[in-house]
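Since the structure of chain A is provided, determine the placement of chain B on it from the hints.
Protein chains in written order, with this note's numbering: chain A, 24 to 270; chain B, 65 to 718.
Some chain A residues judged to face chain B by a derived CB distance under 10 Å, without partners named:
#1 Val62
#2 Leu108
#3 Asp143
#4 Ala172
No more than 16 Å apart at the CA atoms, straight line, and that leaves these computed lysine to aspartate or glutamate pairs for EDC-like:
#5 B:Lys605 / B:Glu585
#6 B:Lys179 / B:Glu711
#7 B:Lys713 / B:Glu187
#8 B:Lys702 / B:Asp77
#9 B:Lys374 / B:Asp420
#10 B:Lys428 / A:Asp53
#11 A:Lys264 / A:Glu216
#12 B:Lys381 / B:Asp392
#13 A:Lys169 / B:Asp220
#14 A:Lys169 / B:Glu214
#15 B:Lys83 / B:Glu187
#16 A:Lys48 / B:Asp352
Honestly, the hints are just simulated from the structure, not real lab data.
Just so it is clear, the structure is predicted and the values come from calculations on it, not from any experiment.
All C-beta atoms in this analysis are idealised placements derived from N, C-alpha and C, irrespective of residue type, glycine included.
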Amino acid sequence: MELTLKIWRQAGPTAKGEFATYEVKDISPDMSFLEMLDVLNERLITEGTEPIAFDSDCREGICGMCGLMISGEAHGPERTTTCQLHMRSFSSGETVTIEPWRANAFPVIRDLVVDRTSFDRIIQAGGYVSVNTGAAPEAHSVPVPKEDADRAFDSAKCIGCGACVAACPNASAMLFLGAKVTHLGELPQGQPERDSRVVKMLDEHDLQGFGGCTNIGECSNACPKEIPLDVISTLNADLRKAASRSR
Amino acid sequence: MTDTLSEYFTVGDPIADTKAPDVPIEQMWTKHQFDSALVNPNNRRKLDVIIVGTGLAGASAAATMGEAGYNVKSFFYQDSARRAHSIAAQGGINAAKNYNDDGDSTYRLFYDTVKGGDYRSRETNVYRLAEVSANIIDQAVAQGVPFAREYGGLLDNRSFGGVQVARTFYAAGQTGQQLLIGAYQAMERQVAKGTVTEYSRHEMLEVIIVDDVARGIIARDMVTGEIETHLADVVVLASGGYGNVFFLSTNAMGCNVTAAWRAHRKGAHFANPCYTQIHPTCIPVSGDHQSKLTLMSESLRNDGRIWVPKNAEDCEKDPRDIPEEDRDYYLERIYPAFGNLVPRDIASRQAKNMCDEGRGVGPKVGDFRRGVYLDFASAIERLGRPAIEAKYGNLFDMYSRITGEDPYQVPMRIYPAVHYTMGGLWVDYDLQTSVKGLYAIGEANFSDHGANRLGASSLMQCLADGYFVLPNTVRDYLAKPQARITEDHPAVVAAKNSVTERIDALLSINGERTVDSFHRELGNIMWEYCGMERTDEGLRKAIDLIRSLKDEFWRNVRVLGAADTLNQSLEKAGRVADFFELGELMCIDALHRRESCGGHFRAESVTEDGEALRHDDEFAYVAAWGFGGEDGAPVLHKEDLNYKFIELKQRSYK
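In isolation and in its complexed conformation, chain A is listed as follows:
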């Protein structure tokens, strides 16, 4: 396969960025999208050009580190992570645009690498159960209905990649936040802090510069782990209950 790549190059956080165009040949349909970039980088280094910086780690769709806007879509045309996107999803001769996640809360570090530590700060605000090590009761002392455990698990699948934010016209992180609130809210262990959690996490979300949610739904469509949109409804319901109880 042959492709024309228009790739965002930006030397540093404060540098002015621009698109650079690269032609790639001999691309195998079996390559993952990131392997295609590896091949391009090998060539660039040989030619004396600095390689394109991009994030990746596990390359099996679970660590959440990779994330690219590919021709305007988060992680590209398939509903998966960038590392599990393969070149067979493209056709020879195509022009592909590659950009970093765009959101104020995700500043660009270099080229396609962004800073997502704002997600960690949302978790720090309350995305946990307060239990010290060694203080846990026997695991079977609290039964959890299977349906609740399953729904908690479905929300807990979030890998924190940021595709939801990148896909949202408002750059809102409500799907990420809703997934965590739902995960812990579905379990008995998460109940004591349920009210304070949603309030504190939402405050932090806004403080970090993420936008508000206007129920567009692009987030859930782009989510490689198929986190359902209704976690945002759960979040809103929790917020209402928290507000009424705090009066």
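Here is chain B on its own, set in the frame of chain A:
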């Protein structure tokens, strides 16, 4: 030792781990904790703890030490602590809860682990692992880890290879992710409280040692390039395994040996480096461009039949056009009793043999087709497609996404791949390395799995170390704090200078070849000669090849860009430079261990029917290697393994 080996290493003093108290094994850990000194809560916040890595071991240790009130600094190369490679673990976590009343106990988990490790692990450590395993499940459940549940609301279990009880707790195929998120959240809670400080996108490049005691680290801020000095009262390495020395492995791209290797060069012994676990059911290499390999669950072998064509000329054919009589179901043929469910090392080795004979399938990579069929056709015929979908649907989807083939129609192709490294920094019962004040936990140490790791045991060990063992053993050390040092101490300045010089050296070579091309070539050497099967001749050849490749690397690598910016080529170059040195040591360790055990198969040491043959009379020891200096040979320190509670037996698979 014969003379022909003496050119590769020297033999140093034997070592021993004497920390475990001399009481019955079930009382050791309780007594040891009681005998250890305490640190009062007011003093804890004056003590600085550095933890490198945020996988299950590092994150759980950071959370626990933070809760205790120590001042913890956590370093990791990813952008978020949640991304450590523990996240990719699929199957589950073992614990001796005996929830199923099927005869499980602490002692049985201990026994299974020692046996599974081919009698090359230390009894005292393994017993403690089994002892604390049940607490791990309690802790994770309390954190909100969504384990699979029965309809009655209680936890579900399944069984894993090598054991006869159901003691594996799981969260679908994402157990590692869920456990890591639990530990990460516990750690973030401490970040909010101010007891843990995170240093994301930081890489530890040197350990600071003053008067033979670890006092801190030198780290590079991977965004700004700044070389930072961080002093501490204790340094804990939770930096994972080194399987990426093979270039292609199931490890994440960034997994590296640098933290452990830098510590080794400063005096920490590196134990059993040749023990590598090869997993038989990975998706095969598709071409030279490939960056990593993906593991498929071993559970597929329950229903899939493994075969290759009988005739090499059929290898290019559509497998569906190859009639039954021309297929070689080689595992069923060679091991009629176990068939496709032979243990991991056997399944791996036989797949390699078939491909080496020229009967591999799939695309040619180099001169070889490296793949065998894992065929579900007869299972689909027998059980129906819906039953297969219910059992393995997510795995089939994953396979289909990666290969573009439909495994319901065409047999899957699998090939073994490097998965886990049982070797690592030598540690004593307290998890302290041979350097005072330097500890190693999780996959970064060598301690609990012996020569082979049982499935679902790595998550257990990492969390045992991080939540329960290290926080208790390190107290005794911290109760007698060292005198303060400052950043202008000559040893600190020297450590910092050595890091800067090394970076400058890598950037100034400006040769012809990329870092990845060297790494790939090193990986090929390691896989060929120090992979599934090792021979005396091959290992000697590998050592020569690695030495000359390392030499070329330092003359001919091309690392572009600058030191004071995000520079991924520079990061890789430093890691690959360390992989060269580790790779050589792995080959030397494999060369000296002239027996077959677990993940180390020496072709010269087999039983009459071709199985692995241990030599307990000669090799029932841990090989702890000391650094022999820049151009010196490594020094072998032996720690004898004394089996007081479990009898040594030859494993049999037939």
